[in-house]
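Here the UniProt record's numbering is used: position 73 in the sequence shown is 73, and no number is missing along the way.
For the record, the hints were derived by calculation from the structure and aren't laboratory data. A couple of the hints might just be wrong.
To be verified - Pair by pair, the computed Cβ-Cβ distance ranges are:
id : residue 1 : residue 2 : range
1  : Glu272    : Pro191    : 27 to 37 Å
2  : Pro128    : Thr150    : 15 to 25 Å
3  : Val196    : Gly77     : 28 to 38 Å
Computed from a predicted model, the values in this text were never measured in an experiment. For glycine and all other residues, C-beta sits at the position ideal for the given N, C-alpha and C.
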Amino acid sequence: MNTLLFSHPDCLDHDTGYGHPECADRLRVVLSALEDEAFMFLDRRDAPLATREQLERVHPPGHVTALLDAVPADGHGSIDADTVLSPGTGKAALRAAGAVVAAVDAVCGGEARNAFCAVRPPGHHAEPDQAMGFCLFNNVAVGAAHARATHHVRRVAIIDFDVHHGNGTQTFCEQDADLFYGSTHQWPLYPGTGSVKEKGVYGNVVNACLPPMAGSPEFRHAIQTQLVPALDAFKPDLVMISAGFDAHMRDPVGGLDLTEDDFVWVTQKLIEVADRHAKGRIVSVLEGGYDLRALANSTAAHVKTLMVA
Numbered sequence: 001m002n003t004l005l006f007s008h009p010d011c012l013d014h015d016t017g018y019g020h021p022e023c024a025d026r027l028r029v030v031l032s033a034l035e036d037e038a039f040m041f042l043d044r045r046d047a048p049l050a051t052r053e054q055l056e057r058v059h060p061p062g063h064v065t066a067l068l069d070a071v072p073a074d075g076h077g078s079i080d081a082d083t084v085l086s087p088g089t090g091k092a093a094l095r096a097a098g099a100v101v102a103a104v105d106a107v108c109g110g111e112a113r114n115a116f117c118a119v120r121p122p123g124h125h126a127e128p129d130q131a132m133g134f135c136l137f138n139n140v141a142v143g144a145a146h147a148r149a150t151h152h153v154r155r156v157a158i159i160d161f162d163v164h165h166g167n168g169t170q171t172f173c174e175q176d177a178d179l180f181y182g183s184t185h186q187w188p189l190y191p192g193t194g195s196v197k198e199k200g201v202y203g204n205v206v207n208a209c210l211p212p213m214a215g216s217p218e219f220r221h222a223i224q225t226q227l228v229p230a231l232d233a234f235k236p237d238l239v240m241i242s243a244g245f246d247a248h249m250r251d252p253v254g255g256l257d258l259t260e261d262d263f264v265w266v267t268q269k270l271i272e273v274a275d276r277h278a279k280g281r282i283v284s285v286l287e288g289g290y291d292l293r294a295l296a297n298s299t300a301a302h303v304k305t306l307m308v309a
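Let the sequences and hints guide you as you build the complete structure.
Right under this line is the structure:
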């Protein structure tokens, strides 16, 4: 079965303004990299708009309404200093969440073994009732909730290797014994959450904190000794990935020292987990990554690894 790629031109219309690191060029370079001949068999699909019902499994109705109503008719608005709104933001955010829902439908429906969602804005910082950190809706959480509501998927694991802790995703998971959140991230760093002491109500959260300048040995050790054993104990029915590439050594926002080879390696490890427990089913979602060359190369390496799973 082919790997699927979900994206949409509307995701380019989220305009964050001059100099903002989370810019449309991020998605352009990712999509350009995935046009290489190596990806000729990648099955490409347009992301649909997420519905209110899908969003409201994670975000309260009033918050969804308020966030969409805050989108300006012209110019720019903002949620906070980092999280900018433009006239195209509403559709971009709905496409980003909708891509993950559609990817879950395809993978859980047996159309494909795995899928990658090349979307923006990212989502893992979005709390149920608060947009923040470049993120509007929590795309991966919306997908996980959809899998459980419509595909009889009981146990969903979300693994996040972005340089920043996915505070919103942890909030979504930490009080539900059938959800698992595992994160490798630089510590300390924005948003200040993700301590090793944060374990979830049911021990279903694993935060593997990495010190500044940590590289391949520390990252791989954390995955191999902390996240993989926890995943094997959890036995997920579906593996989801918050694929942030800002832990790359070139990234201007993070302070870790990873390379493309590390993203290949961790993708292979998660494929092995999915093969053992989840019939190989993986849905991966783009999060951070702000050096354009590193982002393009890392994403291509990640998707290529998914394609040979």
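Here's how the hints hold up against the structure:
1. A hinted range of 27 to 37 Å holds for the C-beta pair glutamate 272 and proline 191, which are about 30 Å apart.
2. In this structure the hint that proline 128 and threonine 150 lie 15 to 25 Å apart at CB holds, the actual value being about 20 Å.
3. A hinted range of 28 to 38 Å for the beta carbons of valine 196 and glycine 77 is consistent with their spacing of about 37 Å.
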